[in-house]
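Enquirer: Chains P and R are the protein sequences, given in the same order.
Take the first sequence: its position 329, counting from 1, is numbered 329 in our numbering, and each next residue is one higher.
Take the second sequence: its position 95, counting from 1, is numbered 441 in our numbering, and each next residue is one higher.
Heads up, a few of these hints could be off.
Here are the in silico distance ranges between beta carbons for each label pair [said to hold, decoys possible]:
#1 R:Glu513 / P:Glu212: 43 to 49 Å
#2 R:Glu513 / P:Met104: 42 to 48 Å
#3 R:Asp445 / P:Val238: 52 to 58 Å
#4 R:His427 / P:Glu22: 36 to 42 Å
Keep in mind the hints are simulated off the structure, nothing from the lab.
Small disclaimer: the values here were computed from a predicted structure and weren't measured.
Glycine included, every Cβ here is placed at the ideal spot set by N, Cα and C.
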Amino acid sequence: MCGEKVKQMRKVAVVAAASRQEEKMLDTEVEMMIPLITEVRTRTGLDQTDIGFTCSGSSDFLAGQAFSFVMTLDAVGPVPPIAESHVEMDGAWALYETWVKFQMGVIDTALVYSYGKPSPGSLQDVLSTQLDPYYVAPLWPDAHSVAALQARLLLEQGIITPDELADCALRTGTVESREDYFLQPLLADPLREADCPTYADGGVALILASEEKADELCERPAWITGIDHRIDAHHFGVRDLTAAPSARLAAKNAGAHDGPIDSTELHAAYTTHDLLLRKEMGLDIPKIPQRSYPIQADTLMASGLLRIAEAARSIWDGSANRTLAHATAGPLLQQNLVCVLDGGGD
Amino acid sequence: MAEISVPSSLDGVEPVQSVRTPIRMEYIFTPGVAAQTYLREFGNKKILGNVSPVDGAVLVPPRGADPRHGALCDEFVEMPHTGHVGSFCVTNVPIPGRDLELPYISAWIFLDGADIGFLNLVAECPPEECRIGMRVEAVWKPDDEIGMTAENILYWKPTGEPDIPFEAAGVRGWHVRRKGEADA
């Protein structure tokens, strides 16, 4: 779906977004999502009955209950019945499923949302359960330690340097100076606290529209000119953890290099991931800073979709014309999705 | 089951029948505004409902949302402790975890003024006498056993008042009510 082919595809745009993140929310998922879904519907003037398809991303392991996404449909209102789907993945993949639905030509508008509330449980334990159930998960390795295994490989092979980590921490706002970075104690050697994410509860809701509809709903739609997702092997042992070939390929297929990128929104929860992703995807550090950083507030299942929302916001407010959003899922950048958005200007 | 073939290097090795990897995760559940408000007042022997901001429908127990429309409900209304049976089931097999005398009746209880029902037990009523539209009232636990739990009401018993009409009972009542409003 790269290059010329994507141009033959149906144009789809992000036309509205609403999001919220807080370290700990006492609302239920429904109470958290209603204001966000209401906001995007109000902004576009769409009623739920006007929306062709609704797709969400969330995790039962976070909610601690089976089929939790069905309960969250209380926030949408399936009366009269709606066309709906769900992915047990970050909402960026729900957006991909929705984009495919647009390509089928069966819808003109869609609601995509995702949410995560890690605060009621232990996210470190939840993340362990996504690992190989026979050989790795029973050892309950915590996410920071797994990230540290990768970080040491990257550092000792000279692919990244401690100075680059410090610069990244400074750029992403987890420290105020390089000196502060090096004064921090090691959290999961060789990673410091400033290299690792702070978790947050949160959610994000988006409205997508086809070329027939988008201009009616938004002054400057953020057109999806390319989108692709790829996956690497599951077992750590068969992966080269110093590389992220799925991110590289997804970026190429999404057309990341077909024109200048004004701003990037990377789903990098660790400094090491930010640096590795930029190397793999051939992305400089843009002059326009990222609007928000998952390393400061990472919401499992929503951080990736939030990247797409933020990349669209940079187009809506005119600060950028061509933006790249990245989402990741699975351990150590196992799965990567890249979405390139374009404001259609010069 | 299909015959499983293993490499000859595993000849004579005792086959693995199962692998156990126990997983236990703990959560501190946050009930949210509506359930918290409901349970606190339930602990005072009060039953609250939510009022839909869309059409005024009364939803018991409150969930903080009108799930039909995806609308936040922040208005509460105190409900009476009487209602009717919207539908019911007579169960003749024991269920694990509850020590109930068989047969027992589980029913959708529609409180007076409520637009939706909730599941609860009906007792002090022979199964053959239970019917849709039968009026019931709450039988609470003794006051010193009341807490912020759904278990406060032991069961619902018949009041002996005349039944409400079959056509107006339960979820049907919802449609009757809506139609009545549309005609008005």
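Enquirer: Next step is simple, just say for each hint if it's right about the structure.
Expert: Here is what the structure says about each hint:
no.	hint	verdict
1	R:Glu513 / P:Glu212: 43 to 49 Å	46 Å, holds
2	R:Glu513 / P:Met104: 42 to 48 Å	44 Å, holds
3	R:Asp445 / P:Val238: 52 to 58 Å	53 Å, holds
4	R:His427 / P:Glu22: 36 to 42 Å	38 Å, holds
Hint check: no violations occur; every hint is consistent with the structure.
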